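Novice: Each position in the first sequence, counted from 1, maps to that position plus 10 in the working numbering.
Possibly wrong hints are sitting among the right ones.
Once the Cα atoms are required to be at most 25 Å apart in a straight line, the calculated DMTMM-like pairs of lysine to aspartate or glutamate come out as [unchecked claim]:
| id | residue 1 | residue 2 |
| --- | --- | --- |
| 1 | Lys146 | Asp35 |
| 2 | Lys258 | Glu298 |
| 3 | Lys146 | Glu205 |
| 4 | Lys443 | Glu350 |
| 5 | Lys443 | Asp345 |
| 6 | Lys358 | Glu379 |
| 7 | Lys435 | Glu367 |
| 8 | Lys51 | Glu153 |
| 9 | Lys159 | Asp115 |
| 10 | Lys258 | Glu491 |
| 11 | Lys400 | Asp448 |
| 12 | Lys66 | Glu106 |
| 13 | Lys66 | Glu105 |
| 14 | Lys29 | Asp89 |
Since the hints were derived computationally from the structure, they do not count as laboratory data. It should be emphasised that the depicted structure is a prediction, and the values quoted were computed from it without experimental measurement.
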Amino acid sequence: MEANNMSQKEDLIQSRYDKLKELYDKGCDPYRGEKISIQNKSREIIDQFPSTDNKKVTVGGRIVSKREHGKATFAHVQDSEGQIQVYLNVNGVGEEAYGIFGLTDIGDFIGVEGTVFQTRKGETTVAVERFSLLTKSLLPLPEKWHGLKDVELRYRQRYLDLVVNTEVKDIFILRSKIIQEIRDQLNREGFLEVETPMMSPIAGGANARPFSTYHNALGVNMYLRIATELYLKRLLVGGMEKVYELGKVFRNEGISTVHNPEFVTLEVYQAYADYLDMMELTERLLVELSKNVLGTTVITWKGEEVDLAPPWPRVTMMEIVKEYTGLDFASIEDDRHAREAAWQKGVKVSAQSSWGEVMAEVFETLCEENLKGPVFIKDYPVEVSPLAQKNKEDPRFTSRFELFILGNEIANAFTELNDPQEQRKRFETQMSKREKGDEEAHMMDEDFLTALEYGMPPAGGLGIGIDRLIMLLTGSTSIREVILFPTLRPRDGQV
RNA sequence: GGGCCAUUAGCUCAGUUGGCAGAGCACCUGACUUUUAAUCAGGGUGUCCCAGGUUCGAAUCCUGGAUGGCUCACCA
11 MEANNMSQKE
21 DLIQSRYDKL
31 KELYDKGCDP
41 YRGEKISIQN
51 KSREIIDQFP
61 STDNKKVTVG
71 GRIVSKREHG
81 KATFAHVQDS
91 EGQIQVYLNV
101 NGVGEEAYGI
111 FGLTDIGDFI
121 GVEGTVFQTR
131 KGETTVAVER
141 FSLLTKSLLP
151 LPEKWHGLKD
161 VELRYRQRYL
171 DLVVNTEVKD
181 IFILRSKIIQ
191 EIRDQLNREG
201 FLEVETPMMS
211 PIAGGANARP
221 FSTYHNALGV
231 NMYLRIATEL
241 YLKRLLVGGM
251 EKVYELGKVF
261 RNEGISTVHN
271 PEFVTLEVYQ
281 AYADYLDMME
291 LTERLLVELS
301 KNVLGTTVIT
311 WKGEEVDLAP
321 PWPRVTMMEI
331 VKEYTGLDFA
341 SIEDDRHARE
351 AAWQKGVKVS
361 AQSSWGEVMA
371 EVFETLCEEN
381 LKGPVFIKDY
391 PVEVSPLAQK
401 NKEDPRFTSR
411 FELFILGNEI
421 ANAFTELNDP
431 QEQRKRFETQ
441 MSKREKGDEE
451 AHMMDEDFLT
461 ALEYGMPPAG
471 GLGIGIDRLI
481 MLLTGSTSIR
491 EVILFPTLRP
501 RDGQV
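Kindly produce the complete structure, drawing on both the sequences and the hints.
Specialist: So, in structure tokens, the structure goes:
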């Protein structure tokens, strides 16, 4: 290719390939896979100064900036903890090595050995005595000063986002701590972590459209799971009394700032417990979580602040609907009057909607986003809770609650329905909805019903959308900021 | 899926009324042994997202499309 018709991009890359060739010519292979001993981290050396002054250290990382001054060069090396300046000169490393260093670019990985000192301006720096070029970078990194802002590139090429926008990594470190903390707490309380199938012939446990796939050897269609619930309850039947699963579920729905097709849920089941026990568990879990991970129970999200200090109020859905809309469902007799009341408030409900469905719809439309919380909304209508136990006092409701914080639904829990005949009726109602075109209605799960027929102990169950919880705890306003590789439309045949 | 907005150099962004395609960083050449977004002297490297259309002339106006963002609807 002629040099004069090369594009800028080709030119930038070509100069790096040219340097690579020169390195090979000098006997330096920057892909030799050399294992080196790196004893120190950038942050440790800087934080512990002056006790590290004049100490010999070894650090490794990516060159992120370079300032050449003829026979001396300053550069910053970025490792997992931060950045540290390194200083090389001809006297320190020798003529030949200095020449090799001249062939490095921003983005290359190096390992250095040297002694710590402070520059005139007081920056802790490593005076390099020996260095190793560990990996050559052949593509230019995004700019150091403005970083990478193009959100599409940030998600498609998250590795660049992580290299250049250092605060991004902090979110994922926090994510890891949150998940670790949840595990620690549940394990401490005697829960057993289990793994149930992600692929199965029936996708149950939630109102959602599944992804479908095909198993060649078995010759059967399968679905990716939309919830872990029904398998976990089979474990209660099997005698496991305290179980939880933390894992991905998949829902074939739209993508938005609060929806990713694959996301992580936590589901917890405890035999001989009920939804009130689950409330206490939820409260304990989240308060300990925020204390241990954030160091405070006060969380800020979208400019709003809320204190998670317990206890959290418990309000029935009927009460909260009355409080926010003035509609008193206690005095609304039947389905028709309920629908008319909703229409008057401008809430869209279908002409087939029942009393309970209307109340839930009114709640979701007019109340949810106003619930700063933390607040437990309890006693959900039975029509919208096909897996929950009916309330003893009022069979229109179930022993179920959801937790709201700053308008976000964080947890969903109930006393589990363990009556196989009642559960069959609930599934049948769902099936008739499916037949009317509701693709999100639950599927009939005969094997699950069989399990219930053998007997499932009374139990409380809890579900938490982990990604949304992490959004709340990290102050993120988009779910894509807390998922390393969010689902995107494939481009140019790539993932 | 609907509405609104965006797409210009590797990155971050300007681009006037339709009149030669711009800046900073990065990069290349040279100088420089403690710099701090190092400095100094040179160098612009481009499918203006794509395809049509209007026009003497389009990054700019029109139509269609692609991708993304926000938002509404549905969910967790």
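Novice: Are the hints correct? Go through all of them and say.
Specialist: To see whether the hints hold, each was checked on the structure:
no.	hint	verdict
1	Lys146 x Asp35	holds (15 Å)
2	Lys258 x Glu298	holds (23 Å)
3	Lys146 x Glu205	violated (41 Å)
4	Lys443 x Glu350	holds (22 Å)
5	Lys443 x Asp345	holds (17 Å)
6	Lys358 x Glu379	holds (17 Å)
7	Lys435 x Glu367	holds (17 Å)
8	Lys51 x Glu153	holds (24 Å)
9	Lys159 x Asp115	holds (22 Å)
10	Lys258 x Glu491	holds (17 Å)
11	Lys400 x Asp448	holds (23 Å)
12	Lys66 x Glu106	holds (22 Å)
13	Lys66 x Glu105	holds (22 Å)
14	Lys29 x Asp89	holds (24 Å)
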